[in-house]
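Listed here are the chains, written in short residue letters.
2 protein chains.
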Amino acid sequence: SDPNGRRSPPPVVHYQLNNLTSTPNPIANKERILILTPTTKFYQEYWDNILKFTYPHEHISLGFIIPKTTDGNKATTELQKAIAKTQSGPESDRFQSITIIRQDFEPPLTSQSEAERHKLENQKIRRTSMARARNSLLFTTLGPHTSWVLWLDSDIIETPPGLIQDLTSFDKPIIVPNCFQRFYNTDTNAEEVRPYDFNSWRDSDTAQELAAKMGPDEILLEGYSEMATYRTLMAHLGDTDSRRDQRKIMPLDGVGGTALMVKAEVHRDGAMFPPFPFYHLVETEGFAKMARRLGWESWGLPNYFVYHYNE
Amino acid sequence: SDPNGRRSPPPVVHYQLNNLTSTPNPIANKERILILTPTTKFYQEYWDNILKFTYPHEHISLGFIIPKTTDGNKATTELQKAIAKTQSGPESDRFQSITIIRQDFEPPLTSQSEAERHKLENQKIRRTSMARARNSLLFTTLGPHTSWVLWLDSDIIETPPGLIQDLTSFDKPIIVPNCFQRFYNTDTNAEEVRPYDFNSWRDSDTAQELAAKMGPDEILLEGYSEMATYRTLMAHLGDTDSRRDQRKIMPLDGVGGTALMVKAEVHRDGAMFPPFPFYHLVETEGFAKMARRLGWESWGLPNYFVYHYNE
Ligand SMILES: Nc1nc2c(ncn2[C@@H]2O[C@H](COP(=O)(O)OP(=O)(O)O)[C@@H](O)[C@H]2O)c(=O)[nH]1
Ligand SMILES: Nc1nc2c(ncn2[C@@H]2O[C@H](COP(=O)(O)OP(=O)(O)O)[C@@H](O)[C@H]2O)c(=O)[nH]1
Ligand SMILES: [Mn+2]
Ligand SMILES: [Mn+2]
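Residue numbers (this note's numbering), protein chains in the order written: chain P, 1 to 311; chain L, 1 to 311.
Honestly, the hints are just simulated from the structure, not real lab data.
Where is the CB? At the ideal position from N, CA and C, for every residue including glycine.
Careful, some of the hints might be misleading.
To be verified - Below 25 Å or equal to it, Euclidean Cα-Cα: the simulated SDA-like pairs (lysine to any residue) are: (1) Lys124(L) <-> Met214(P); (2) Lys68(L) <-> Tyr15(P); (3) Lys30(P) <-> Pro11(L); (4) Lys248(P) <-> Gly162(P); (5) Lys213(P) <-> Asn49(L); (6) Lys289(P) <-> Ile125(L); (7) Lys289(L) <-> Ala211(L); (8) Lys41(L) <-> Pro11(P); (9) Lys68(P) <-> Gln16(L); (10) Lys213(L) <-> Glu218(P); (11) Lys213(P) <-> Leu294(L); (12) Lys81(L) <-> Asn49(L); (13) Lys213(L) <-> Ala211(P); (14) Lys213(L) <-> Met214(P); (15) Lys213(P) <-> Pro277(L).
Claimed, not checked - Chain P is faced by these chain L residues, among others (derived, beta-carbon under 8 Å): (16) Ala28; (17) Arg102; (18) Pro275.
In isolation and in its complexed conformation, chain P is listed as follows (with noise of 0.2 Å):
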């Protein structure tokens, strides 16, 4: 309001959508990414990465969805420090924007170790519930002058630092890096890596014909021996070798949401998280699913890593 109590006129704004790009040469078209991140708990690791993103800040957003629990409200005020710090440092580190969105339902599971996590039968509802807190962050924060999404789970520590060049370079509407996981080998001794997120997969004629067999509101999991599903694992066709084609690419059916590239375009379509069984698929298999009856193919990069934290 103006010096004499009235209220200004209020904003009216005008997009172009026809006019908003989301091309393989997003910097030079000033494209603005998105980057959500569903969180429970808070990672130095996580930040210390994105800060080191080579894409310029200024175009990059980030969007945060935390529980609103003991947990959540750790994750919060330490997220809260390292915003702080960084916008109040270099130029060139600051962001140009951040939401924290504090959630109103609760994760379904107290405890959280990998462990409880992964168990069958608490991953229907587990996924659910992170479906439903990667839709409310996606339906609060796209914007119409978003040209991509950057889904990269908190827990993700360690990616090229031209992760969003290198994945927007493909010019896919909807493309994953290889989520892998580092670990110390007690047998050799080593430091070494292996696969961590199996959700991005090709679908098999075993996993249809256990889908047709299925009750409507059963789900299909991948990555549990109880479900065989003979699907093409893309965590299994990893290549380390350091000769490596990174730039190697194959068509998928399911993606996983560690790290997950997407055109703005797909969401705006009506592309979300299904918290309920599409096609017997939920949460980021789901989506895929989803993006594919809107017109939309996935992609997977079998040989380009990103990884995971190893707890």
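Use these hints to put chain L with the ligands onto chain P, whose structure you have.
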């Protein structure tokens, strides 16, 4: 940036979705309403009608999506003229904010006469295209502070001025008034009203059986004798007697979108307008089904009327 050319620290915004309410008493709770209007043509009567809304305009935001066509350009110019007048007029008339999105895809039908629009063979492609327009508008305008979304078509030219208070007072996740049309009856030589929108219905066994026999990409449509569904249509239950109970309420399985009030939480959970057949339903009818899958029920007000333009 400041006078020395330094970028100012990026904005950090923190939203507590858990404190955001959508209650039967939205004015007292200062709840923000987002009115969303897909638009191919501007009607002055639409604007005059929303101007008369008694809900405090300072808590109403407007969002429009308009195709990038000759007709769309005309509608945009006319809309902007109406906006300019309102925002420079009396303070209490001014809306909180207004977003105009120009659409990056073409509406599939060039002829847009009522007769042409309603032909059965044109429905699937037309409603698919409208679903995409609704999703683009929704995904880019829904904010973390929005409590309610009121979908209102651009050709809804008359509603009670208390529409927002009336619809929210029922405290339902999804609620639709009955959309009628005024016309001059040449038989009786009198101004009369007749049902217009047939998309609000309760399901029937016949419709379920039709759906069960359909191929995966076929859709059920309402209001076509070629495809008699025997659903209970709210349009036919409207009582126009002046002493009618305007608060009469009925559960629905499909909803129309000419006027449609939705708790923002329903959309945030992921409920959108399927442009693909979802349980053989698309667009607003598919939305009701998707919301149901997410645990949200739809309701209708057979005796509470809004009016569609008569071409
Ligand atoms: N806001 C929110 N974030 C969640 C919830 N559950 C998991 N996350 C986050 O979602 C991402 C994936 O979850 P995580 O437990 O690491 O999955 P996993 O690595 O596949 O076992 C991580 O960034 C989590 O912090 C939830 O209920 N709410
Ligand atoms: N942006 C956009 N709006 C559309 C499109 N098609 C229809 N509309 C709008 O969507 C609403 C419903 O369309 P309309 O043709 O009136 O549907 P009907 O009354 O059911 O025949 C109206 O407000 C139209 O102006 C489209 O392709 N793009
Ligand atoms: Mn994880
Ligand atoms: Mn209409």
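Hint check:
no.	hint	in the structure
1	Lys124(L) <-> Met214(P)	violated, 29 Å
2	Lys68(L) <-> Tyr15(P)	holds, 11 Å
3	Lys30(P) <-> Pro11(L)	holds, 19 Å
4	Lys248(P) <-> Gly162(P)	holds, 17 Å
5	Lys213(P) <-> Asn49(L)	violated, 53 Å
6	Lys289(P) <-> Ile125(L)	holds, 21 Å
7	Lys289(L) <-> Ala211(L)	holds, 14 Å
8	Lys41(L) <-> Pro11(P)	holds, 22 Å
9	Lys68(P) <-> Gln16(L)	holds, 9 Å
10	Lys213(L) <-> Glu218(P)	holds, 22 Å
11	Lys213(P) <-> Leu294(L)	holds, 23 Å
12	Lys81(L) <-> Asn49(L)	holds, 16 Å
13	Lys213(L) <-> Ala211(P)	holds, 20 Å
14	Lys213(L) <-> Met214(P)	holds, 19 Å
15	Lys213(P) <-> Pro277(L)	holds, 21 Å
16	Ala28	violated, 20 Å
17	Arg102	holds, 5 Å
18	Pro275	holds, 6 Å
The structure fails hints 1, 5, 16 (numbered hints given earlier, in ascending order).
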